[in-house]
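**Student:** Protein sequences, first through last, are from chains D and S.
According to the working numbering, the first sequence holds residues 1 to 320 in order.
According to the working numbering, the second sequence holds residues 1 to 320 in order.
Chain D stretches covered by chain S per the calculated footprint, using a threshold of three residues with CB under 8 Å from any CB of chain S:
| no. | region |
| --- | --- |
| 1 | 35 to 49 |
| 2 | 299 to 311 |
Non-contacting residues of chain S with respect to chain D, defined by C-beta distances greater than 12 Å in every case (computed):
| no. | residue |
| --- | --- |
| 3 | Pro9 |
| 4 | Pro20 |
| 5 | Ser28 |
| 6 | Ser65 |
| 7 | Gly224 |
| 8 | Lys232 |
| 9 | Glu239 |
| 10 | Asp249 |
| 11 | Gly253 |
| 12 | Asp256 |
It is worth saying that the hints were derived from the structure and are not from the lab.
Computed from a predicted structure; not experimentally measured.
Glycine included, each C-beta is placed from N, C-alpha and C at the ideal position.
Protein chains: 2
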Amino acid sequence: MPPRPVDVPALVSAAREGKPRAVARLISLVEDAHPALREVMAALAPHTGTAYVIGITGSPGVGKSTSTNALVAAFRARGKRVGILAVDPSSPFSGGALLGDRVRMQDHALDPEVYIRSMASRGHLGGLSWTTPQAIRVLDAAGCEVVLVETVGVGQSEVEIAGLADTTIVLLAPGMGDGIQAAKAGILEIGDVFVVNKADRDGADATVRDLRHMISLGDRTEPGLWRPPVVKTVAARGEGVADVMEALDKHQGWLDSSGTLQQRRLKRAADEIEAIALAALRARMGDLRAGHGLDDHAAAVVAGQIDPYAAADDIVAQLR
Amino acid sequence: MPPRPVDVPALVSAAREGKPRAVARLISLVEDAHPALREVMAALAPHTGTAYVIGITGSPGVGKSTSTNALVAAFRARGKRVGILAVDPSSPFSGGALLGDRVRMQDHALDPEVYIRSMASRGHLGGLSWTTPQAIRVLDAAGCEVVLVETVGVGQSEVEIAGLADTTIVLLAPGMGDGIQAAKAGILEIGDVFVVNKADRDGADATVRDLRHMISLGDRTEPGLWRPPVVKTVAARGEGVADVMEALDKHQGWLDSSGTLQQRRLKRAADEIEAIALAALRARMGDLRAGHGLDDHAAAVVAGQIDPYAAADDIVAQLR
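So here's chain D without its partners, still in its complex pose (with noise of 0.2 Å):
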């Protein structure tokens, strides 16, 4: 069955201003790597480069659903439209649409000015680098001034969303994740806040503690350098929240001054080519192998006729 034809201007517009149910087909275009991606990311292109994006990352458990939900309650008391991409690396299945995370963001699901929306990352073209920047775009472009994407910890997608976001902040809990382990699963290279969730259990302090120490034996204490604060939250009561916005000030501050913010999204910019690039490549290789290009070269390697670098420059040159 051939996609549904998409009217990309008409949908590109009415995302713009702010329709949540064309933000929501935005996404799911993305998601499907639909065929007119092409065209709206083009359309979108222009209106785009504004949003802060925030990284959420941390271990089951610590309460990052809570923690964002108090996040986004204290962005719109600013009056910023928000969006938040909550993005589960180890389903394969996408979440569904905007506005329809009730359960864990029902503080915010009626309020026109939030768009939630789940996302998959292991999708058919790959994990977290491909789908979830194109769907920030979406929301940079429908007029979100803050996107928080939010990932559990697992594996390598912490370390992808660090790369995705302006800030990530890692929350721990208590016991969960002591500075030795933190060092561990590489987080303190990624985190540019940190946030103790569940700080009124026993062994909250022992555990900023351990982080503030870990982060003072690394690098990033040398002048000029950002030095990660590590700030306590009761998220669940809204303790803290004050101070984690007061760490996301100072860093965005300190990403606009430092010049890091240009440098960290021309990193993201040129990971995003190229993620696109080599999937055009190995689409065009595939396209090859169920023609016949490919089948040919075999051929004449299997005869010993050329040999298979001699191959590999005709099939590259063959992908113009």
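Assemble the complex: chain D is given as a structure, and chain S must be docked to it using the hints.
**Tutor:** Relative to chain D, chain S alone:
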């Protein structure tokens, strides 16, 4: 330090005469991804395509080296020149010199008609799929009528070996791999000949029965398809080796008469070409990134002047 220059015509000519040092040096060039490799492969191409490639895989402890040893003796008794590649997928190091693996293959280490080489599969250019086919090509051109590729059945390596070999032998031992375990591990699909080694141990007959039962449930029992035999051996005493040789002869005959040999070799060549082409494209992408081609595009994307798809198109065009 630039790589040592190579006199490719002299080396290829010496390897074709069967000089072990020349063969060893060519395989080292493969492992090192030496710049002269393209020239080497072009010079070897007309002399390849005659070797019968046998893959041998199985879990640690089933007796792979002993079985390989016994098969080498059997092929030597037929007067065949034999090449052996022992691929260790877990080792980051290459195993060293031809004729060097005397402990494992001591029966044949001094036989001038036997070439033994240990290889690491996890080189800087990736797995089995990259270096092993080229090493096979070297041994093929050096006049080896039989090339045995031995690898531990861990993770994907046994599936990869099946993609490289004309005939794949799956080794099991009693109690280590019953039929259901084999089915789970996916080896029922890849084995052309199943060998239950250490058949003097308890449970050998049960393992054979289980395997035969599982094979009878598979789709390989349709008319015209190869039905993998299950053979018992005690390789350490040479028992059953003649039966394995008979099974190999039958499979080789079937490969020929059914056209499967050509099909497998075509697919193998196509895979190899594709891997080389993708590696070349990636390398060129890296060059672009190291230069400024990608950076300029990234800046334009960040500024909203173009979208990442259009940027990727330009990058792909520049790869020509």
